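Enquirer: Each protein sequence line maps, in turn, to chains A and B.
Number 2 in full-length UniProt numbering belongs to position 2 of the first sequence; there are no gaps in the numbering.
Number 131 in full-length UniProt numbering belongs to position 131 of the second sequence; there are no gaps in the numbering.
No lab work stands behind these hints: they were computed from the structure.
Fair warning: this is a prediction, and the values are worked out from it, not measured in the lab.
It cannot be assumed that every hint is accurate.
Because identical chains share one entry, a pair is satisfied inside a single copy or across any pair of copies.
Claimed, not checked - Keeping only pairs whose Cα atoms sit at most 20 Å apart, straight-line, the calculated SDA-like set for lysine to any residue is: (1) K356 / R294; (2) K356 / S130; (3) K322 / V71; (4) K389 / T140; (5) K356 / R291; (6) K356 / H295; (7) K326 / T36; (8) K198 / E49.
There are 2 protein chains.
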Amino acid sequence: MFPKFTVKKNTPYGRLGTIFTAHGNISTPSFFFCATKATIKGVDVWTMETLNTPVILANTYHLMLQPGAEVIAKSGSVGTFMGWSGPTYTDSGGYQIFSLGYGCVSQEIKGSPRSGRYLKISENGATFLSYRDGSTWCLTPELSIHVQQALGADCIFTLDECTPYHISYEQTRASMEQSHRWAKRSLTAFLKEDAPYKRSYQGLYGISQGGIYPDLRCQSVDFLNSMPFFGHGIGGSLGKTSAQMREVLDMALENLCPERPIHLLGIGKIQDIFDGIAKGIDTFDCVIPTRLGRHGGALIRPHYWSTAHEAYHSRASINLLKACFKNDHRPIDETCTCPTCQRYTRAYLHHLMKSKEISAGSALTIHNVFFMNSMMEAIRDGIALNSMKDVRLQWVGD
Amino acid sequence: MFPKFTVKKNTPYGRLGTIFTAHGNISTPSFFFCATKATIKGVDVWTMETLNTPVILANTYHLMLQPGAEVIAKSGSVGTFMGWSGPTYTDSGGYQIFSLGYGCVSQEIKGSPRSGRYLKISENGATFLSYRDGSTWCLTPELSIHVQQALGADCIFTLDECTPYHISYEQTRASMEQSHRWAKRSLTAFLKEDAPYKRSYQGLYGISQGGIYPDLRCQSVDFLNSMPFFGHGIGGSLGKTSAQMREVLDMALENLCPERPIHLLGIGKIQDIFDGIAKGIDTFDCVIPTRLGRHGGALIRPHYWSTAHEAYHSRASINLLKACFKNDHRPIDETCTCPTCQRYTRAYLHHLMKSKEISAGSALTIHNVFFMNSMMEAIRDGIALNSMKDVRLQWVGD
Numbered sequence: 001m002f003p004k005f006t007v008k009k010n011t012p013y014g015r016l017g018t019i020f021t022a023h024g025n026i027s028t029p030s031f032f033f034c035a036t037k038a039t040i041k042g043v044d045v046w047t048m049e050t051l052n053t054p055v056i057l058a059n060t061y062h063l064m065l066q067p068g069a070e071v072i073a074k075s076g077s078v079g080t081f082m083g084w085s086g087p088t089y090t091d092s093g094g095y096q097i098f099s100l101g102y103g104c105v106s107q108e109i110k111g112s113p114r115s116g117r118y119l120k121i122s123e124n125g126a127t128f129l130s131y132r133d134g135s136t137w138c139l140t141p142e143l144s145i146h147v148q149q150a151l152g153a154d155c156i157f158t159l160d161e162c163t164p165y166h167i168s169y170e171q172t173r174a175s176m177e178q179s180h181r182w183a184k185r186s187l188t189a190f191l192k193e194d195a196p197y198k199r200s201y202q203g204l205y206g207i208s209q210g211g212i213y214p215d216l217r218c219q220s221v222d223f224l225n226s227m228p229f230f231g232h233g234i235g236g237s238l239g240k241t242s243a244q245m246r247e248v249l250d251m252a253l254e255n256l257c258p259e260r261p262i263h264l265l266g267i268g269k270i271q272d273i274f275d276g277i278a279k280g281i282d283t284f285d286c287v288i289p290t291r292l293g294r295h296g297g298a299l300i301r302p303h304y305w306s307t308a309h310e311a312y313h314s315r316a317s318i319n320l321l322k323a324c325f326k327n328d329h330r331p332i333d334e335t336c337t338c339p340t341c342q343r344y345t346r347a348y349l350h351h352l353m354k355s356k357e358i359s360a361g362s363a364l365t366i367h368n369v370f371f372m373n374s375m376m377e378a379i380r381d382g383i384a385l386n387s388m389k390d391v392r393l394q395w396v397g398d
Numbered sequence: 001m002f003p004k005f006t007v008k009k010n011t012p013y014g015r016l017g018t019i020f021t022a023h024g025n026i027s028t029p030s031f032f033f034c035a036t037k038a039t040i041k042g043v044d045v046w047t048m049e050t051l052n053t054p055v056i057l058a059n060t061y062h063l064m065l066q067p068g069a070e071v072i073a074k075s076g077s078v079g080t081f082m083g084w085s086g087p088t089y090t091d092s093g094g095y096q097i098f099s100l101g102y103g104c105v106s107q108e109i110k111g112s113p114r115s116g117r118y119l120k121i122s123e124n125g126a127t128f129l130s131y132r133d134g135s136t137w138c139l140t141p142e143l144s145i146h147v148q149q150a151l152g153a154d155c156i157f158t159l160d161e162c163t164p165y166h167i168s169y170e171q172t173r174a175s176m177e178q179s180h181r182w183a184k185r186s187l188t189a190f191l192k193e194d195a196p197y198k199r200s201y202q203g204l205y206g207i208s209q210g211g212i213y214p215d216l217r218c219q220s221v222d223f224l225n226s227m228p229f230f231g232h233g234i235g236g237s238l239g240k241t242s243a244q245m246r247e248v249l250d251m252a253l254e255n256l257c258p259e260r261p262i263h264l265l266g267i268g269k270i271q272d273i274f275d276g277i278a279k280g281i282d283t284f285d286c287v288i289p290t291r292l293g294r295h296g297g298a299l300i301r302p303h304y305w306s307t308a309h310e311a312y313h314s315r316a317s318i319n320l321l322k323a324c325f326k327n328d329h330r331p332i333d334e335t336c337t338c339p340t341c342q343r344y345t346r347a348y349l350h351h352l353m354k355s356k357e358i359s360a361g362s363a364l365t366i367h368n369v370f371f372m373n374s375m376m377e378a379i380r381d382g383i384a385l386n387s388m389k390d391v392r393l394q395w396v397g398d
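One chain only, chain A, in its complex shape (with noise of 0.2 Å):
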């Protein structure tokens, strides 16, 4: 029965759709928003509901080593443990292990050194330390779904090698070949029928792969097209700019079958979820709006930018902690009815952050969070009413 998918709409600027699950149903395009730690940082669960939050998304790496899996699954299921009673994600954990090995793709980018030696991949699994207590844990595909099981949420993700940006043709495809491997033995252990946390409403997600290069990414989706996934994810690397990530996007849309959702995994910039869309993304996940909001920065419509000093944005956000906001007796933004821009002016946002408040960032995430909602049902009026031009001026300004 759970979960379920199909499409409404098809358009070049995107496609409308709805995914059923057991706990409520996602409209397509649709942004989940991250709770690492079973929590979003700074905002409670029912205050999240009432900003129309489609999904919440649990990682699986940071759960495991912290409550653990077992005390999760005793208070029912990563939803019910955080008061949520909407549709849950949880990632496989790769992507957390891996950063910590080989870093972010930033530090990649800037050339800070790795610290590889927390990590050793082997054809088993993941071996790494726990950033808890230094014990020793091995990632495996089984486990990863074993763990995902416990959590119980509705969707769930196969573990991959997340590889860094800069490898080779051949690094990458012994990589996405290693992946395929893992992928094959996460939907044996997700279908084994006696797995001691079976959940008969999951679906399993498969995760393309191939880097930027177009033959492997088109052998992965062969692979995942052959395989009885639930869904789609894209993963592996996009590229350095958002340019190369549409065409690394078009390689990995491209014969992906069409009945099954397609996640993006960690795009949060408003102009690639755009472009994303538009390519045929459905849903996106991406700890940008709410890290950025505990920075100090609240995203803005294009409509601010131009009557705004100059230094008050960068990258469709303003950044509270600026001096210019000291006197600055406005809401962030006059047009917006989120709670924080119906009672708080950017002078008493600027005060709570210079004055380190824990109260600023959850007000600012609050503000980011209800952006990304409306940006999103935005999105999906514009895809049925043929207005997605008109939509892509408001949001993102070109």
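Given the structure of chain A, go ahead and fit chain B onto it with the hints provided.
Expert: This is chain B only, laid out in the frame that chain A set:
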């Protein structure tokens, strides 16, 4: 017109009244939460509202240093600045300056060294260094009134000298007389017609002194009664124990003009509140309920003490950091209707505390605020219905 105070009922268990302010009425007895830097740490102002919070008390000392009184005056008042439409109080700033200088009472009782070098008291006022940038400030009675008029709370306090606990009779007398002279100067400044931030709706509280000495307490009461203050604050040392506090309250309340509201500064323990109300106190403020929440403590009622494991509680609260809560999938209190108890379990709150997630402190603060507001409502009902013995049994346990 505002503020005004009326007493509806006097009983041996406390009195019922109403403080009428320009921003709403305060039913007394009432407990005020401290928004030190113009925010209840970790809780949005709209959440404070849904928890039926009567009053928010902000700190003159912190706000005059950051963002500065002028910024807040430009926004309207400290209430409008923080998006709070209900009644507000500010303290004089004295307590914080003297805490910095002398150390807090608990440090003093423990014999920790005091950092008196940061503080110089003269007839003129208290000279101190800003915690923000090390600049030198002199808080005079006139400056405190000026800043509190700029902040524009409904009720404000005179600057008094907050002496350490262990000073002699002679020192206490000298300090009391100094505070009385400051109170006179405060009142003169407050009544000045052409003050730059004069607010017609503000009321001024005088603060009684005299430490633990009956004759000094008596002199201070006579002094306060002779001056046209709107309300009375009980200041100075209240002794070392709850028993001594009750004795000092007897001295400090005897003969105190019964037409004025009486505020007990910095008291927030459950039993002390019941005892204070029985003596005739109308309002309290204290950081205990909110600070306790941020450190993992949840207030619980006595009916839980007997059923709960011994390790669970100390001083009417449970510490969610304790390992015994790891798999405790019940709410903090099954009979509590606060948002936290409706959604979160002890196991989840334990996990959030262990993960150092700020949502933990926020959720526990919400529970504690709701707890205090519910308790004060029960007390008001208890006085109205002559059932205070039962109410005390339900909330204090004896």
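Enquirer: Are the hints correct? Go through all of them and say.
Expert: Do the hints match the structure? See the list:
Taking CA atoms no more than 20 Å apart as the test, K356 paired with R294 passes in both settings, with 10 Å inside one copy and 15 Å between copies. Taking the closest pair of Cα atoms, K356 and S130 come within 20 Å of each other only across two copies (16 Å); inside a single copy the shortest separation is 30 Å, beyond that limit. Taking the shortest Cα distances, K322 and V71 sit within 20 Å of each other only across copies (15 Å), while inside one copy they are farther apart (43 Å). Taking the shortest alpha-carbon separations for K389 and T140, neither the intra-copy value of 45 Å nor the inter-copy value of 62 Å comes in at or below 20 Å.
In the homo-oligomer, the alpha carbons of K356 and R291 lie at most 20 Å apart both inside one protomer (15 Å) and across protomers (16 Å), since each shortest distance falls under that limit. Taking CA atoms no more than 20 Å apart as the test, K356 paired with H295 passes in both settings, with 10 Å inside one copy and 17 Å between copies. Taking CA atoms no more than 20 Å apart as the test, K326 paired with T36 passes between copies only; the shortest distance there is 19 Å, against 33 Å inside one copy. Taking identical chains as interchangeable, the C-alpha atoms of K198 and E49 are never at most 20 Å apart, the minima being 28 Å within one chain and 43 Å between chains.
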